[in-house]
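S.K.: Listed below are the residues making up each chain.
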Amino acid sequence: DAKTTQPTSMDCAEGRAANLPCNHSTISGNEYVYWYRQIHSQGPQYIIHGLKNNETNEMASLIITEDRKSSTLILPHATLRDTAVYYCIVRVYQAAGNKLTFGGGTRVLVKP
Amino acid sequence: GAGVSQTPSNKVTEKGKYVELRCDPISGHTALYWYRQSLGQGPEFLIYFQGTGAADDSGLPNDRFFAVRPEGSVSTLKIQRTERGDSAVYLCASSLGSTGGSEQFFGPGTRLTVL
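If you read the sequences in order, they're chains A and B.
If you're matching positions, the first sequence starts at 3 in our numbering and goes up one per residue.
If you're matching positions, the second sequence starts at 1178 in our numbering and goes up one per residue.
Just so you know, not all the hints are guaranteed correct.
[Claimed, not checked] Capping the alpha-carbon separation at 35 Å, the derived lysine-lysine pairs in DSBU-like fashion look like this: (1) 1255/B with 5/A; (2) 1194/B with 1255/B; (3) 5/A with 1188/B.
Just so you know, these hints were derived from the structure itself, not from any lab.
With these hints in hand, go ahead and build the complete structure from the sequences.
M.R.: This is the structure we're talking about:
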């Protein structure tokens, strides 16, 4: 699986949009971009994934550049409960059997 | 519905002892994963089950670690002759497998402390 690079930490203001960048310059054509987050003392939680088109769900939006070498996770209106470590993961999509390879993630602190 | 559950939530043991950690996946999920997370780091893959069989155990650090899933649902991670370096949070995840999407659902983890 391709390696990803994320900032170590970032702060954002409650109620504002949080934009989390991720670089994955060695991504292959059949690899998807996944985002998970881990709130303190909990297991990781799936957020969203995409291949090349922008994706949106009830939690977030995922913007993938045209060359697919980078992406941005957008939390449209950050709340204090969004404080967590966010992991960007690149992997081949398949129904099962493909382990997740976590990097260090971005530690996001949402401030009032 | 019920999510992935893990027991115990905390386990303290002494160096050299044997421990078992249990994972109850979401009902109907055929794929089950174990990960280990050390303080300040992301989770690291240990082993993956599809049904009852271990399809990928490449992440198990050594032969002190073993996992089973005899009936294709509950799984137990077993650690023999524990060492202080085994202290970590052990996470279990499950997914639908071949019948659905690849999203993995994680349990809250078991915090293992080896004294």
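S.K.: Please go over all the hints and tell whether each is borne out by the structure.
M.R.: The hints, checked one at a time:
no., hint, verdict
1, 1255/B with 5/A, "holds, 31 Å"
2, 1194/B with 1255/B, "holds, 11 Å"
3, 5/A with 1188/B, "holds, 33 Å"
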